[in-house]
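Q: Chain by chain, the residues:
There are 2 protein chains.
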Amino acid sequence: MRGAVLYGPRDVRFEERETPKIMKPTDAVIRISATCVCGSDLWPYRGIQPMAQPTPMGHEYCGIVEEVGSAVTRIKPGQFVIGSFFASDNTCPNCQIGYQSSCQQAEFVGGAQAPLLRVPLADGTLVATRDVPSENSIPNLLALSDVMGTGWFTADAANVKPGKTVAVVGGAVGLLGVLSAKQMGAERITAMSRHETRQKLAREFGATDIVTERGDEGVERIKELTNGIGADSALECVGTQQSMMQAIQSTRRGGYVGYVGVPHGVELNVEQLFYAHEHLHGGPAPVRRFLPELIDLVWKGKINPVKGFDLTLPLDQVAEGYRAMDERRAIKVLLRPTR
Amino acid sequence: MRGAVLYGPRDVRFEERETPKIMKPTDAVIRISATCVCGSDLWPYRGIQPMAQPTPMGHEYCGIVEEVGSAVTRIKPGQFVIGSFFASDNTCPNCQIGYQSSCQQAEFVGGAQAPLLRVPLADGTLVATRDVPSENSIPNLLALSDVMGTGWFTADAANVKPGKTVAVVGGAVGLLGVLSAKQMGAERITAMSRHETRQKLAREFGATDIVTERGDEGVERIKELTNGIGADSALECVGTQQSMMQAIQSTRRGGYVGYVGVPHGVELNVEQLFYAHEHLHGGPAPVRRFLPELIDLVWKGKINPVKGFDLTLPLDQVAEGYRAMDERRAIKVLLRPTR
Numbered sequence: 001m002r003g004a005v006l007y008g009p010r011d012v013r014f015e016e017r018e019t020p021k022i023m024k025p026t027d028a029v030i031r032i033s034a035t036c037v038c039g040s041d042l043w044p045y046r047g048i049q050p051m052a053q054p055t056p057m058g059h060e061y062c063g064i065v066e067e068v069g070s071a072v073t074r075i076k077p078g079q080f081v082i083g084s085f086f087a088s089d090n091t092c093p094n095c096q097i098g099y100q101s102s103c104q105q106a107e108f109v110g111g112a113q114a115p116l117l118r119v120p121l122a123d124g125t126l127v128a129t130r131d132v133p134s135e136n137s138i139p140n141l142l143a144l145s146d147v148m149g150t151g152w153f154t155a156d157a158a159n160v161k162p163g164k165t166v167a168v169v170g171g172a173v174g175l176l177g178v179l180s181a182k183q184m185g186a187e188r189i190t191a192m193s194r195h196e197t198r199q200k201l202a203r204e205f206g207a208t209d210i211v212t213e214r215g216d217e218g219v220e221r222i223k224e225l226t227n228g229i230g231a232d233s234a235l236e237c238v239g240t241q242q243s244m245m246q247a248i249q250s251t252r253r254g255g256y257v258g259y260v261g262v263p264h265g266v267e268l269n270v271e272q273l274f275y276a277h278e279h280l281h282g283g284p285a286p287v288r289r290f291l292p293e294l295i296d297l298v299w300k301g302k303i304n305p306v307k308g309f310d311l312t313l314p315l316d317q318v319a320e321g322y323r324a325m326d327e328r329r330a331i332k333v334l335l336r337p338t339r
Numbered sequence: 001m002r003g004a005v006l007y008g009p010r011d012v013r014f015e016e017r018e019t020p021k022i023m024k025p026t027d028a029v030i031r032i033s034a035t036c037v038c039g040s041d042l043w044p045y046r047g048i049q050p051m052a053q054p055t056p057m058g059h060e061y062c063g064i065v066e067e068v069g070s071a072v073t074r075i076k077p078g079q080f081v082i083g084s085f086f087a088s089d090n091t092c093p094n095c096q097i098g099y100q101s102s103c104q105q106a107e108f109v110g111g112a113q114a115p116l117l118r119v120p121l122a123d124g125t126l127v128a129t130r131d132v133p134s135e136n137s138i139p140n141l142l143a144l145s146d147v148m149g150t151g152w153f154t155a156d157a158a159n160v161k162p163g164k165t166v167a168v169v170g171g172a173v174g175l176l177g178v179l180s181a182k183q184m185g186a187e188r189i190t191a192m193s194r195h196e197t198r199q200k201l202a203r204e205f206g207a208t209d210i211v212t213e214r215g216d217e218g219v220e221r222i223k224e225l226t227n228g229i230g231a232d233s234a235l236e237c238v239g240t241q242q243s244m245m246q247a248i249q250s251t252r253r254g255g256y257v258g259y260v261g262v263p264h265g266v267e268l269n270v271e272q273l274f275y276a277h278e279h280l281h282g283g284p285a286p287v288r289r290f291l292p293e294l295i296d297l298v299w300k301g302k303i304n305p306v307k308g309f310d311l312t313l314p315l316d317q318v319a320e321g322y323r324a325m326d327e328r329r330a331i332k333v334l335l336r337p338t339r
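So the protein sequences, as listed, match chains A and B. For what it's worth, this note's numbering labels the leading residue of the first sequence as 1, then goes sequentially. For what it's worth, this note's numbering labels the leading residue of the second sequence as 1, then goes sequentially.
Hints are supplied without guarantee of correctness; some may be wrong.
Same chains, same label: a pair holds when it works inside one copy or across any pair of copies.
[What the hints assert, rightly or not] Dumping the calculated DSBU-like pairs for lysine-lysine here, alpha-carbon to alpha-carbon at most 35 Å:
(1) 21 x 164
(2) 164 x 182
(3) 161 x 182
(4) 24 x 223
(5) 24 x 182
(6) 24 x 161
No lab work stands behind these hints, which were simulated from the structure alone.
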């Protein structure tokens, strides 16, 4: 089998890898219907997050179950399934309160940019759709695996409610955060973006306003749009000091910041936070919590996260997918294995 | 009039001060029935928080309204009133969502360790009791002004609910946090304290367990008491790096940290926070939000925060009150003006 392996900065190779197989009785092996490149893949791709060794890439996946281990009872071969980037048993105390990405048995699922993938803890991790979906639905369902699931969690963590004002900082996840906030009934949604194609997509997803300024100026613009008080909720989907501060400062007193951008060197002065009087919640999105509800929304045609993918490539052109995202020629790249 | 003035480290003087009077039409002047020394008064008393000039001290108060300004309509002379350390108009957007300590007109109320006090924005700030209370009830009502109001907010911010587990870090406010958590129905409440009289009081207020260890060892003990997962809620009532980390690390994934200790040089690494998957909320307690409910609880005899005061002194011995708290001979000192 050939799959994507990252060797070092800007060196992704599509090369022969060992074919995944059942290693534990709780595993499943699935045939990937679609996968994609994540904004977080760009941290190691750009060399900002160093790697110890060549690493199989990709953690967003959906597909048909090929085989299950002897202890798997809920998931069956032939089902179409979606899972998250963290495998979870869905029964431990952390899973039970909806934090499956902090499962006591959590295991990162890597190597999804390939035709086949081993998924640990299959019964807990995977959610099957009622039927095998149409080809057209597959990208929508794939999006739930991370970008949409994470966007949704950010909005949930930021307590987005009907009638509220929301400020969104960030790329592809931010765009799906806009879609999530819209779906949750937010009245005013401001996307903070300097990028024209992203602005257009943000508007399609439900943004009512666009702010192109960053830092203090961006915060000032949000204040102007919210009667001087700041947004009820801010969605932080980048993970830099600047984006985090932008989210915190854009939020009103008593408001909520949801943050899902993997933090890189971000430090908070608690005195500043104290007087800001905000709620802060975030972390690796427990996508598994939301999968049943999100699958249902896709199935009923109520959300179309597929628009978040603006470039589709055959899987063997994965390296071009990374380049396109790195060079900001694409917001998010969908990869389809060839049959 | 004579009142407490802090001149510098460990130099509190009870000396002649200008008698407070109505300065704005929205002011009231009240005759103090009781006041006290706050843990946060010890920061400047110990010289850790420098002062620019001699400062009238005290921000916890209740008493009888002597006089009101021409624009005050709700509060009337002769009423017994309680207020918070931040005056608030109770009508601005921040007040309306319950963050009166972030009122757009917020003004710190200082100089309450005196027989008379000017309270700005009287209609928004003060809450009158239905009748003038008995002498015995006065200390209970005074406690609501800060120590109990702040303890209650910490528990509220930490989402304490019936049946939950709670860890509490901190002194007098922490003790009232224990009382609040108990009142809110928490099942297991662990007070973290090395101080025997505080431990005893914590048990009286509803603590089910005491942890005397600090830092990593303290965290380990909390884990042992909570099936290895950590407390559902932690109450941080100190404001140091150690106490903040102790609260964060004692909390389970998906749990809640409420923090009200005024932060002194506290920094958070957001990556650590991200993977801890916690909710963080705090700040200067919006005591005004809770005053009507807390007055009602005191009136019905459901809470007795008075036990939190373990030393009562006449107001003119205020300097001894500071010394007793500084030297940890007292948890919290009640001061009564002589008639």
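Q: State for each hint whether it applies.
A: Okay, the hints, checked on the actual structure:
1. Taking the closest pair of Cα atoms, residue 21 and residue 164 never come within 35 Å of each other, the shortest separation being 48 Å inside a single copy and 42 Å across copies.
2. In this assembly of identical chains, residue 164 and residue 182 lie within 35 Å of each other by CA distance both inside one copy and across copies; the values are 10 Å within and 33 Å between.
3. Taking identical chains as interchangeable, the C-alpha atoms of residue 161 and residue 182 lie at most 35 Å apart whether they share a chain (9 Å) or sit on different chains (30 Å).
4. Taking the shortest alpha-carbon separations for residue 24 and residue 223, only the inter-copy value of 30 Å comes in at or below 35 Å, while the best intra-copy value is 53 Å.
5. Proximity of residue 24 and residue 182 under a CA criterion of 35 Å is satisfied in neither setting, with 41 Å inside one chain copy and 46 Å between copies.
6. In the homo-oligomer, the alpha carbons of residue 24 and residue 161 never lie at most 35 Å apart, since the shortest distance is 42 Å inside one protomer and 39 Å across protomers.
Checked against the numbered hints above, the structure violates hints 1, 5 and 6; every other hint is satisfied.
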